[in-house]
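J.: Two chains, each in its own frame: build the complex with the hints.
Residue numbers (this note's numbering), protein chains in the order written: chain A, 52 to 417; chain B, 3 to 538.
In case anyone wonders, no lab produced these hints; they're calculated from the structure.
Careful, some of the hints might be misleading.
Stated by the list, open to error - Facing chain B, according to a computed beta carbon distance under 7 Å, are these residues of chain A, among others:
hint, residue
1, Glu-123
2, Ser-162
3, Pro-169
4, Val-175
5, Arg-194
6, Val-215
7, Phe-331
Stated by the list, open to error - When the alpha-carbon atoms are kept at most 30 Å apart in a straight line, the in silico DSSO-like pairs for lysine-lysine are as follows:
hint, chain 1, residue 1, chain 2, residue 2
8, B, Lys-199, B, Lys-494
9, B, Lys-494, A, Lys-262
10, B, Lys-43, B, Lys-97
11, A, Lys-307, A, Lys-135
12, B, Lys-78, B, Lys-43
13, B, Lys-121, B, Lys-225
14, B, Lys-66, B, Lys-97
15, B, Lys-66, B, Lys-109
16, A, Lys-262, B, Lys-204
17, B, Lys-87, B, Lys-97
18, A, Lys-263, B, Lys-475
19, A, Lys-263, B, Lys-225
20, B, Lys-475, A, Lys-262
21, B, Lys-43, B, Lys-148
22, A, Lys-356, B, Lys-66
23, A, Lys-262, A, Lys-408
24, B, Lys-199, B, Lys-155
25, A, Lys-263, B, Lys-494
26, B, Lys-87, B, Lys-66
27, B, Lys-197, B, Lys-148
28, B, Lys-87, B, Lys-199
Quick caveat, the model's predicted, so the values are computed rather than measured.
C-beta: ideal position from N, C-alpha, C; glycine also.
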Amino acid sequence: MIKRGTISPRQVFFILIMLLTGIYILILPRHLVTIVGTDGWLVLLVGGFVSSLMLFFINKISRKFPGKTVVEFAPVVMGLFLGKLLGGILVVYYTFLAAVSLRIFAEMLKSVLLSDTPRWVVVVALVALITWIVQNGLEDIARFTELLAPIILLLLIAAFLGDVRYMEAIRLRPMFQSAALPLLEGFLSSLSYFGIIIVLLMLYPYVNAPKKLTITSLLALAFAVLITIGFFIGAVATFGIYETGRMAWPVIELVKMVRVGEFLERVESLFLSVWLSIAFINVSVLAFCSVSGWTQLINAENYRKLTYPIMLSLLLLSLWPRDLLDVLGLYSLNFTYGFLITLIIPFFIFVVSQFHKGEKNDVSNP
Amino acid sequence: MVKKTNKLTKRTQLSKKNKEEIKADVQPISTDLQVNLDNIKEVFTKCSDIVFREFLIGYQAPVKAALIYVDGLTDKVAIHDYILKSLTLEARASKPNIELNLDDIYKWIEESTITVAEKKQVENLDDVMSGFLSGDTALLMDGWSKALVIGTKGWASRGISEPDSEVVIRGPREGFTETVRINTSMIRRRLHSNKLKIEGRKIGTYTQTDVVVLYMDGIVNPKIVKEVHKRLDGINEVDSILETGCIEQYIEDHPYSPFPQIQYTERPDKVVAYLLEGRVIIMVDGSPDCLIAPTVFIQFLQSPEDYYSRILMSTVLRWIRFIGVFTAVTLPALYIAITTFHQEMIPTNLALSISGAREGVPFPALIEALIMEISLELLREASVRLPGAIGSTLGIVGALIVGQAAVEAKLVAPQMVIIVALTAIGSFTVPSFAASIPLRLIRFPLMILGAIFGLYGVMLGWIGILVHMISLKSFGFPYLAPLAPLRISELKDVLIRAPRWQMMTAPQFRKPTEKPPKSFLRKPYVKNLKGAGKND
Numbered sequence: 052m053i054k055r056g057t058i059s060p061r062q063v064f065f066i067l068i069m070l071l072t073g074i075y076i077l078i079l080p081r082h083l084v085t086i087v088g089t090d091g092w093l094v095l096l097v098g099g100f101v102s103s104l105m106l107f108f109i110n111k112i113s114r115k116f117p118g119k120t121v122v123e124f125a126p127v128v129m130g131l132f133l134g135k136l137l138g139g140i141l142v143v144y145y146t147f148l149a150a151v152s153l154r155i156f157a158e159m160l161k162s163v164l165l166s167d168t169p170r171w172v173v174v175v176a177l178v179a180l181i182t183w184i185v186q187n188g189l190e191d192i193a194r195f196t197e198l199l200a201p202i203i204l205l206l207l208i209a210a211f212l213g214d215v216r217y218m219e220a221i222r223l224r225p226m227f228q229s230a231a232l233p234l235l236e237g238f239l240s241s242l243s244y245f246g247i248i249i250v251l252l253m254l255y256p257y258v259n260a261p262k263k264l265t266i267t268s269l270l271a272l273a274f275a276v277l278i279t280i281g282f283f284i285g286a287v288a289t290f291g292i293y294e295t296g297r298m299a300w301p302v303i304e305l306v307k308m309v310r311v312g313e314f315l316e317r318v319e320s321l322f323l324s325v326w327l328s329i330a331f332i333n334v335s336v337l338a339f340c341s342v343s344g345w346t347q348l349i350n351a352e353n354y355r356k357l358t359y360p361i362m363l364s365l366l367l368l369s370l371w372p373r374d375l376l377d378v379l380g381l382y383s384l385n386f387t388y389g390f391l392i393t394l395i396i397p398f399f400i401f402v403v404s405q406f407h408k409g410e411k412n413d414v415s416n417p
Numbered sequence: 003m004v005k006k007t008n009k010l011t012k013r014t015q016l017s018k019k020n021k022e023e024i025k026a027d028v029q030p031i032s033t034d035l036q037v038n039l040d041n042i043k044e045v046f047t048k049c050s051d052i053v054f055r056e057f058l059i060g061y062q063a064p065v066k067a068a069l070i071y072v073d074g075l076t077d078k079v080a081i082h083d084y085i086l087k088s089l090t091l092e093a094r095a096s097k098p099n100i101e102l103n104l105d106d107i108y109k110w111i112e113e114s115t116i117t118v119a120e121k122k123q124v125e126n127l128d129d130v131m132s133g134f135l136s137g138d139t140a141l142l143m144d145g146w147s148k149a150l151v152i153g154t155k156g157w158a159s160r161g162i163s164e165p166d167s168e169v170v171i172r173g174p175r176e177g178f179t180e181t182v183r184i185n186t187s188m189i190r191r192r193l194h195s196n197k198l199k200i201e202g203r204k205i206g207t208y209t210q211t212d213v214v215v216l217y218m219d220g221i222v223n224p225k226i227v228k229e230v231h232k233r234l235d236g237i238n239e240v241d242s243i244l245e246t247g248c249i250e251q252y253i254e255d256h257p258y259s260p261f262p263q264i265q266y267t268e269r270p271d272k273v274v275a276y277l278l279e280g281r282v283i284i285m286v287d288g289s290p291d292c293l294i295a296p297t298v299f300i301q302f303l304q305s306p307e308d309y310y311s312r313i314l315m316s317t318v319l320r321w322i323r324f325i326g327v328f329t330a331v332t333l334p335a336l337y338i339a340i341t342t343f344h345q346e347m348i349p350t351n352l353a354l355s356i357s358g359a360r361e362g363v364p365f366p367a368l369i370e371a372l373i374m375e376i377s378l379e380l381l382r383e384a385s386v387r388l389p390g391a392i393g394s395t396l397g398i399v400g401a402l403i404v405g406q407a408a409v410e411a412k413l414v415a416p417q418m419v420i421i422v423a424l425t426a427i428g429s430f431t432v433p434s435f436a437a438s439i440p441l442r443l444i445r446f447p448l449m450i451l452g453a454i455f456g457l458y459g460v461m462l463g464w465i466g467i468l469v470h471m472i473s474l475k476s477f478g479f480p481y482l483a484p485l486a487p488l489r490i491s492e493l494k495d496v497l498i499r500a501p502r503w504q505m506m507t508a509p510q511f512r513k514p515t516e517k518p519p520k521s522f523l524r525k526p527y528v529k530n531l532k533g534a535g536k537n538d
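Extracted from the complex, chain B is given alone in its bound form (with noise of 0.2 Å):
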């Protein structure tokens, strides 16, 4: 033990004392650009996609220059047209009204010449790299010791399409990309608001993976925003970011949880919706999904179009969906317990007919339930990476036939397969998979509670799972939120869908500097509606 902590302290030392030189390492920008040149060469041996191109900027005493890029990260056009002939051919036809000194030459090239929106004047070498390799141009320049980084990102990305984990009936089709700066357009395009934040950092010690940060100023709570930048500079020292499921892990507040505290999703409009709710966005460059913080477990059982279709339905469709989770967590379980202890409770004509059917399987409910169950989590994880054609036909394969042999091979009853065929289903209602998951696998130990202890094993596992739940926190916020501890008003949003002219109240999450007006909460013009019908 003390030997490990040792190596431990040892390794963090290790990575401080490597952090501070690179730290002191900072290089100054040298005045002579041949110097700059080698330098940034040394580094880069052996990196065939870096582009350096040397040039001369005018004619009559001529600056040397250099432009370094990354091939494949630039939008090549952008460097030829608006870098190179601007630089060179138009900056020889123009007469600028100057001074030959050399700070007025730099200062002219950085403000006339350059047509090219984004710049940034940088003033060590270590800026300059990192800049280059974000995708931008490094431009430097013979006796200036500072350098220009051109906004010239440019790469093959996937278009936008509708994402395939989160289908809705109704609503946009639009999904999220691998590419950060376009999600935020996405997000901006819908929410025209100065309200919105975008805060930008780098995480990640090798990758350097751009993080955004997004949240409506003067709705969410500060606190909150707080907390999340909190989490994050806290992870400061990971090696790589991949994906947000990677930041998702490291600021979790219970990461060995089954239960997911974070939810993820790949819709802008939902992202709108839950930045107007007050939350925090974490977006990640290289992956299509942004993290929503916090979250409560109720939100997994709501979909985006729940809001956008009609009140009466969706307050159903979401009361299905409530059934779906309770048959999926506790059909097998409650089966297999009645079954096996109480079989008083089943009515008569219906227990003669299990009792016959099951006449000649050989095996306990309990194990006829786990062999069905365990077939059915192996068939959906197999289904889930073959290509669609081929799932569907694995689904079919699996569930039909081989369900039918089983029953007329009389190794699991009848009964058992439709059991079974309703937990699955009673899971697909869950819309979002992160969340469907744990509700599948708790669904076993409640099956060997059951065959334990009969029904007072099943309510034990409940309670088990609500005291576990209830301990559960999401930023600080209970993850029960609503329902434990009550919030009477917030109720509106998850036993029923209410009118959306009575969803203006805030929810928890909401701290905001202003209140709603009253009239928010009428549906406004149902009034002049009724009256102009009078009057004709």
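So here's chain A without its partners, still in its complex pose (with noise of 0.2 Å):
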């Protein structure tokens, strides 16, 4: 078992903040604005609001039992049976989750990038590289993700800034004009697009100041849900919601655009490579999350004999969908039934956690 206590609310926040504006910002508003069309900004901002919700259920579980993730204290909560099948259910979307971003990322990059190269080339490599750094432990990836992350947040807001020329106001109109049922399906759409926050029930733990995460992830949502918007209106008031639905990769076209004076053109593989910074971190804390889930659900003693086969069966699953539409009809049941996962299971046991006197024991030696 790793050793708990040992990364900090910061790490948390560039974690969950590459989480939630990572992978899947890339195929986000294509989604929404076939639904909703330019009112995806409005689904985004009141997703982001109940998120939050979901975020106070979260802490309030978590706190309830320090040193614990939610695999080890669900079956104190709900008795072994419920508690090990919703432990389960959860380890297992972060597995689907953590596939299936690798192969966006891997399509993203075949289409713009690697069109010759064999798909399972990239996913290999790259899985490879995710292998070494969940063997070294989720302190590693917390730091390498503090390393980066400033930065790609940095070149993500000059890329909007680089593109506001290019946007123009009149293509987000009209607004107020979908339906109501349309709406709630982009609502509950963003509502898993943000539900990705749920890794938080899996680091808390490691968490050396686990008081300061409620803000920490408070603010870590806002500052996505903002980014998130961002992007969206980019994409719409660019391109209009006619373009962006036929569009494979929005985000990427939109970066794309971004010119540095006269000279300076083509600045996408810059992007690309802070895609790739942001797919190995997202994988990578997802992979974690889902092996150390694993090995906790079958209350193995050390997850790192677990790492290699679990990280096999990502990657062949990560292989399994046949091309980007199959990819896409996969993670649109996220789009559609994640807020199942994400929101009722820990508001299920949040309420049943109230009946539960919960556990005080200190966190630095559980």
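T.: Shown next as structure tokens:
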């Protein structure tokens, strides 16, 4: 078992931001535009607000059982069978998210940069590196994130600002034209999109100052909502809803248009390295959650032995869909039903845990 | 496998046995001088440099005595004038007011006649022997079961000179020498503080090398000192310590990593600065380098000059070094990746001129780059071993003539020569040689990755480098420290070089018992200066 209480709230902040504005932002604008048109920013905003409710549940239940991950305390609260079942669902969900992020990144890379390289080569190389850092532990992942996240965020903001001159407010109209049903669907999508913050349930015991996490995670969520809305509005205001709906990678197209002066064009390679780092961080964190989750689920001693089989299955899982459309079809499942996992499970555990006394053991000596 | 472990345990048992035997073998000093001398002479047969000098002290009832020292390790003037002369001529002339029992005579000799400052009483022959082997002089007297070891160390040593490997434009020109005492004196001269602790020990079964641990009490984190001592204790059984490099390999956290986790330096000013930052310094007799622990990677990109020259300039120079490192590691890989996979990224005019120049070059970009980079490394290695003048000639011949000829013979494209030259220049901006080697070598795997995966490979390579560097630790401290984990208050010595008056907050290695006063963080005299200007 890895030592707990070793990463700082600031590192968690960056991890959460990287997850929330990470890989799925590549496909989010198109998905939203096809459902609610220009009203995507509205559902994102509302989704962000409701997600803070989710954060509230996550923080409450994690604080009640300091030093324990959700997979460990769920059986205590819910009874062995139901607890293990809920933990298992979450772990499978992490694995699913990791595999899909990996594949989405690979598809993006293939279509933008490496059109001739076989997909598996790209994925295998990346998974090898991710296995390495997962073996090194969460502390290393957190440091890596902390090292690169500020640079990534600066570059993302710079890309947005660099595109402002192409944006036209008129393309954002008409507003508030969507019907109730599409609005609901968009709202659930955005809720599921922000639902990735549920990894916090696995990270909690590793943080050295858990008390600060409430404010940290809220800040991360707010920041991420801003960035996401920014990129959604950016894409729509630049391309209009019809073109955005037809593009494979609206966000990548957006950063492709950035020019520095008259001479420095085609900075998308820079942004590909940004997205490589994002993908690396995302998949590492999700894979870590998945690996440590499986370890705790079967009460194994050491997570290192489980890393290889799980990473291998992650690799196979990510190579399973045939093409991009399959991946997107798979992921739209998450857009539609993800909230069932990310909102309902914490809520359920929260409600049941109200009848439970909780534990007061020290985080530093679990 | 089983056999091997058996052998190993046998060996350790043997060596343990030997040690115990040696310990049990501690010879007491006999009251008969002749017996002692015979014993020592028997141990040191066929050692022509050991000098035995027998003589008499006093004239009424003379005491037989003997001096033993190693010729060449001792200061002969001191032995003649302050030991022999004092014990024979001056002792006879003085009229001590003591009774003539033997104990008082020995005491009188020890306390009143020998006119050398350093002396030590020892009680067994082994201490006598190790005493004179390290350059002191042993005095044995008949009828006395003790002996004196008198400090007469003095051997020919190199003078203090400017360290060649760490040249600065501004700053002291002194460098350490091979004698550890001279080195500690150079530290003490700069640091007149009772907080400076200098702990000594001997390591190496045969060499018995003096190893000295320096730190600032009250500033250093005591855990680091403890850890250093623990690691040094662990290597007590090695045969020999010839250089700090030997110790470095034993006590490093990750000896198989390409990156050095302990820095070495020849500059006393640098050592003092690091001591004040709360680090531990290890010095070894016989080596002009000393080790700094713990070390973070960013240290290798800092030069003492940064702190002596002006704020803005040193900040700019630091960024130039960062660019240099990035160039040295990545540039050839980027060139290969872009010319092989992503031609569309190059502006059209440049792409045309590159492809025009590459016309007739028979190799793919990777082979071309490998040829050039390997010949660059050859050249550099060759010129390191050559004396100055010839070395620079070789540089000119290699860089100019061979490069020119290779381009004309259409073996390589002229752009490649530019790229290779830039990587070489980039790697020379790293102030530390120890850190520039791994940076030079890392670019080869990156080039291969770039040739296989294109830009994606170069990025993967960088991520791999970072993953590795993040996992490194030096004495328990993360290697990429102020960057990952991020310590914003320490970035002022990484991304910029903050003014001196803002540098007084403690770096992570410091566990100061007293906090510096807040006024330290302001530039103390600015206000007064301005006020004075107005009043005048």
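J.: Checking one constraint from the list: CA of B/Lys-78 to CA of B/Lys-43, max 30 Å. Satisfied?
T.: With Cα atoms ~21 Å apart, B/Lys-78 and B/Lys-43 stay inside 30 Å; holds.
J.: Does the alpha-carbon distance linking B/Lys-494 and A/Lys-262 stay inside the 30 Å limit?
T.: 29 Å, holds
J.: Keeping to a limit of 30 Å between CA atoms, is the pair of A/Lys-262 and B/Lys-204 held or broken?
T.: 50 Å, violated
J.: Is B/Lys-43 within 30 Å of B/Lys-148, Cα to Cα?
T.: Status holds; Cα separation ~18 Å.
J.: For a C-alpha distance cap of 30 Å, please report whether B/Lys-87 and B/Lys-66 respect it.
T.: It holds: about 15 Å lies between the C-alpha atoms, which stays within 30 Å.
J.: Under the criterion that the straight-line Cα-Cα distance not exceed 30 Å, is the pair B/Lys-87, B/Lys-97 satisfied?
T.: 16 Å, holds
J.: Within 30 Å, alpha carbon to alpha carbon, are A/Lys-307 and A/Lys-135?
T.: Distance ~46 Å between A/Lys-307 and A/Lys-135 Cα, so the pair is violated.
J.: Return the status of the interface hint for A/Glu-123: holds when the least beta-carbon distance to chain B is below 7 Å, violated otherwise.
T.: 26 Å, violated
J.: Less than 7 Å between beta-carbons is the criterion; does A/Ser-162 satisfy it with respect to chain B?
T.: With a closest approach of 13 Å, the A/Ser-162 hint is violated.
J.: Given the hinted pair B/Lys-43 and B/Lys-97, is their Cα-Cα distance within 30 Å?
T.: 35 Å, violated
J.: Under the criterion that the straight-line Cα-Cα distance not exceed 30 Å, is the pair A/Lys-263, B/Lys-475 satisfied?
T.: 27 Å, holds
J.: So, A/Val-215 near chain B? Judge it on the closest CB pair being under 7 Å.
T.: 24 Å, violated
The structure fails to meet hints 1, 2, 3, 4, 6, 10, 11, 13, 16, 22, 27, 28 from the earlier list, while all remaining hints are met.
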